[in-house]
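S.K.: Can you make the complete structure from the sequences, with help from the hints?
Given next are the chains, with one letter for each unit.
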Amino acid sequence: MNIRERLDVKSASQQSEKQKHNSLYWISWLIIGLVGIGLLFVPFIADQYSISLAYTFFLYVALAQSWNLLGGYTGLVSLGQAAFFGLGAYTTALLLTLTGLPFLVAILASGVVATVFAVAISLPVFRFRGIYFAIGTLVLAEALRIWMINWSVTGGAQGINLPLASLPDPNSFYYIALALAAASTGIIAFILHTKLGIGLRAIRANEDAAQNMGVNTFRVKLFAFAISAFIAGVAGGVQATYQGTVEPYSTFAVSWTITAINIVIIGGVGTLFGPVVGAAFATLLDQALQNYASIHLMITGVILILVIRFLPAGIWGQAHKLLERRGIINALRRLSHNAART
Amino acid sequence: MTPSTLLAGAVSGLLLGGLYAVTALGLSLVFGVMRLVNVAHGELLLLAAYLNFVISGALGIDPLLAAVLLIPIMFLVGYPLQRWIFNPLMHMGSEPPLLAAFGLSIILQNVLLLIWHADTRVLVTSYSGMGVQLFDVRVSLLYVLAFVMAFVLIIGVHLFMQHSYLGKAIRAAAQDASTAQVMGINPEQIYALTYAIGAATAALGGTLIGMTFSFVPTSGLTWLLKGFVVVVLGGMGSITGMLGAGFILGIAEGVGGAIAGTGYRDMIGFLIFIIVLVLRPAGLFSRSRV
Chain A
1 MNIRERLDVK
11 SASQQSEKQK
21 HNSLYWISWL
31 IIGLVGIGLL
41 FVPFIADQYS
51 ISLAYTFFLY
61 VALAQSWNLL
71 GGYTGLVSLG
81 QAAFFGLGAY
91 TTALLLTLTG
101 LPFLVAILAS
111 GVVATVFAVA
121 ISLPVFRFRG
131 IYFAIGTLVL
141 AEALRIWMIN
151 WSVTGGAQGI
161 NLPLASLPDP
171 NSFYYIALAL
181 AAASTGIIAF
191 ILHTKLGIGL
201 RAIRANEDAA
211 QNMGVNTFRV
221 KLFAFAISAF
231 IAGVAGGVQA
241 TYQGTVEPYS
251 TFAVSWTITA
261 INIVIIGGVG
271 TLFGPVVGAA
281 FATLLDQALQ
291 NYASIHLMIT
301 GVILILVIRF
311 LPAGIWGQAH
321 KLLERRGIIN
331 ALRRLSHNAA
341 RT
Chain B
1001 MTPSTLLAGA
1011 VSGLLLGGLY
1021 AVTALGLSLV
1031 FGVMRLVNVA
1041 HGELLLLAAY
1051 LNFVISGALG
1061 IDPLLAAVLL
1071 IPIMFLVGYP
1081 LQRWIFNPLM
1091 HMGSEPPLLA
1101 AFGLSIILQN
1111 VLLLIWHADT
1121 RVLVTSYSGM
1131 GVQLFDVRVS
1141 LLYVLAFVMA
1151 FVLIIGVHLF
1161 MQHSYLGKAI
1171 RAAAQDASTA
1181 QVMGINPEQI
1191 YALTYAIGAA
1201 TAALGGTLIG
1211 MTFSFVPTSG
1221 LTWLLKGFVV
1231 VVLGGMGSIT
1241 GMLGAGFILG
1251 IAEGVGGAIA
1261 GTGYRDMIGF
1271 LIFIIVLVLR
1281 PAGLFSRSRV
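From first to last, the protein sequence lines stand for chains A and B.
Residue numbering for the first sequence is 1 to 342, as defined by my numbering.
Residue numbering for the second sequence is 1001 to 1290, as defined by my numbering.
Derived from the structure by calculation, the hints contain no laboratory data.
Glycine is no exception: its CB is placed at the ideal position from the N, C-alpha and C atoms.
Hints should not be assumed to be uniformly reliable.
Claimed, not checked - Some residues of chain A that are not near chain B, with every Cβ distance over 12 Å (derived):
| no. | residue |
| --- | --- |
| 1 | ALA54 |
| 2 | LEU108 |
| 3 | LEU123 |
| 4 | ALA134 |
| 5 | ILE187 |
| 6 | GLY197 |
| 7 | ILE198 |
| 8 | TYR249 |
| 9 | ASN262 |
| 10 | THR300 |
| 11 | PRO312 |
| 12 | ARG325 |
| 13 | LEU332 |
Unchecked claim - Chain A side only, calculated, beta carbon under 8 Å to chain B, not exhaustive:
| no. | residue |
| --- | --- |
| 14 | VAL77 |
| 15 | PRO124 |
| 16 | LEU192 |
| 17 | LEU196 |
M.R.: Put into structure tokens, the structure is as follows:
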């Protein structure tokens, strides 16, 4: 076999590999699409309580995706997501009380404000590496919280009550949160298929090596940081309107960051559907222990430590690994490939 | 705002600086030796404060005396935490232990909430309200006491690390764990002992916090962040640098609080933190580790 033939064989096998991958890819998106359409009809059949549970689930998905983009895919462990979330919440609260802007514009503005903040602090925080980044973002988030407690423009420690007239009706929050969760998952799925996604993972593997290989690490990190902040900011805006009130102690509480981290770690760090699985787990745990607040958080802490120790890939990550080891993923691929061919 | 209020802020800030250094001591030790950012340190301080509340109340003794009993108790609390939670994660890189410490801080905070509820507590003594005259400024006697205790503890820990066998073993494990192991030192054991010593220093830190300020189960984060500021200012892992860092933070807070209003007091430390980390990522007083 001469070189040209060998290359042909190689490229042919590569092509069929790609085709196999593509058909599975499209089938999984088809399934997701069908689930998505199914979700649109849930409010017609479910009771009010289940709908509010679903709202929490969607909000958790968005928050977790926002953290996962930084902590999971880029290796930037942020402890400051609460700052973006809180800024988003306050932006929507201020816009709805002071101006007559429609709700949807306000929550998008929330994302923009959080993004602007992220870009503004990127210069100092990107000088911090690893754990220093974690501490730095935590300190910035707390500094912002203390600022908000003292700042009279945003109502100081009392916060702001949103005007009821400008809020959407309770049922539409289901759709808003669903759209938010779907969009944040979709945006990240899209990013992973672009050059930016490759850059992110290169930085996670080794930032200096990525820089030497020609990745503009500052720009890639900035994009990840800005997109993560945007998602968290919009989530904050949605939650502010859902709650009808914002105040610094709970809106900027570090617990939002902790929730996001918990969900991602339990579901699977650096995986697309890990945050979804983790959010489902967290929502169910919320519901099971809703009457025991401190025991609930204690159990969450115990689960977090156990998962880090014994299941570092998370529920989804581990399930994926097991399926792969048993050859089930490959079998599915073959199956979908044959199905696509016929 | 007059020069005298500024001076008062500076003097009481300087005295508080000693307290800040003590509360950060365990954080610095654990970071310097294991490179572990122990975000549960704030809760360890509070646990000590609550245990002191129980011990000094039950035995009817002075909180400072109760702190002496607390030191071995906190040591025993700390040892298994490192042994069973953090040691198995040490080989996974720096992030899993950090996130596990986050989990631990959630657990401890809610244990405190469950047992002692959200009520504000203070460790009261007969001399709580007394004051002394210092540089034309009247300051709380507690601040002076905290300052002296802090000084003694930090010098003590420094001497222990420099001259005792265990101190030398800890420093050896911090510098190069695998070489230390060849020399007959068990790093896992050293790590557990270091964490235990860090928790033991929280016995005094928590007591001083309880005597000088009020505390609730959720104040851990505030003290953790003050600790970060001191540790970063003093150079990660440097013990003597922490006294200087504590003084700077205390004075900046005292003077800054007098100028900007007490509500913004806590932010001043954070601003210093960011500026220092940007300009000198290794810390202001950094020369050697531990």
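S.K.: Any Cβ of chain B at or closer than 12 Å to TYR249 (chain A), or is the non-interface label fine?
M.R.: violated, 10 Å
S.K.: Close enough to count: is the Cβ of VAL77 (chain A) nearer than 8 Å to one in chain B?
M.R.: Constraint on VAL77 (chain A) satisfied, holds at 5 Å.
S.K.: Could you check if PRO124 (chain A) really has its C-beta closer than 8 Å to a C-beta on chain B?
M.R.: Hint on PRO124 (chain A): holds, closest Cβ of chain B at ~5 Å, below 8 Å.
S.K.: Is the nearest CB of chain B more than 12 Å from the CB of LEU123 (chain A)?
M.R.: Non-interface label on LEU123 (chain A) violated, nearest chain B Cβ at 8 Å vs cutoff 12 Å.
S.K.: Measuring Cβ to Cβ, find out whether ALA54 (chain A) lies farther than 12 Å from everything in chain B.
M.R.: Fine: 25 Å to the nearest Cβ keeps ALA54 (chain A) off the interface.
S.K.: Classify the label on LEU108 (chain A) as holds or violated, using whether its beta-carbon is more than 12 Å from each beta-carbon of chain B.
M.R.: holds, 29 Å
S.K.: Beyond 12 Å from chain B, beta-carbon-wise, is ARG325 (chain A)?
M.R.: With a cut-off of 12 Å, ARG325 (chain A) remains clear of chain B, as the shortest Cβ separation is near 21 Å.
S.K.: Does ASN262 (chain A) really sit off the interface, with its C-beta more than 12 Å from all C-beta atoms of chain B?
M.R.: violated, 8 Å
S.K.: Per the stated criterion, does the least C-beta distance between PRO312 (chain A) and chain B lie above 12 Å, as a non-interface residue requires?
M.R.: violated, 7 Å
S.K.: Would you check whether the claim that THR300 (chain A) is not at the interface survives, using Cβ distances to chain B and the 12 Å cut-off?
M.R.: With a cut-off of 12 Å, THR300 (chain A) comes too close to chain B, as the shortest Cβ separation is near 6 Å.
S.K.: According to the definition I'm using, a residue is off the interface if its beta carbon is farther than 12 Å from all beta carbons of the partner; does ILE187 (chain A) meet that for chain B?
M.R.: Label holds. Min Cβ-Cβ 24 Å, cutoff 12 Å.
S.K.: Could you check that no beta carbon of chain B comes within 12 Å of the beta carbon of LEU332 (chain A)?
M.R.: Given a closest Cβ separation of 31 Å, the condition holds.
In terms of the numbered hints stated before, the structure departs from hints 3, 4, 8, 9, 10, 11, 16, 17, listed from lowest to highest.
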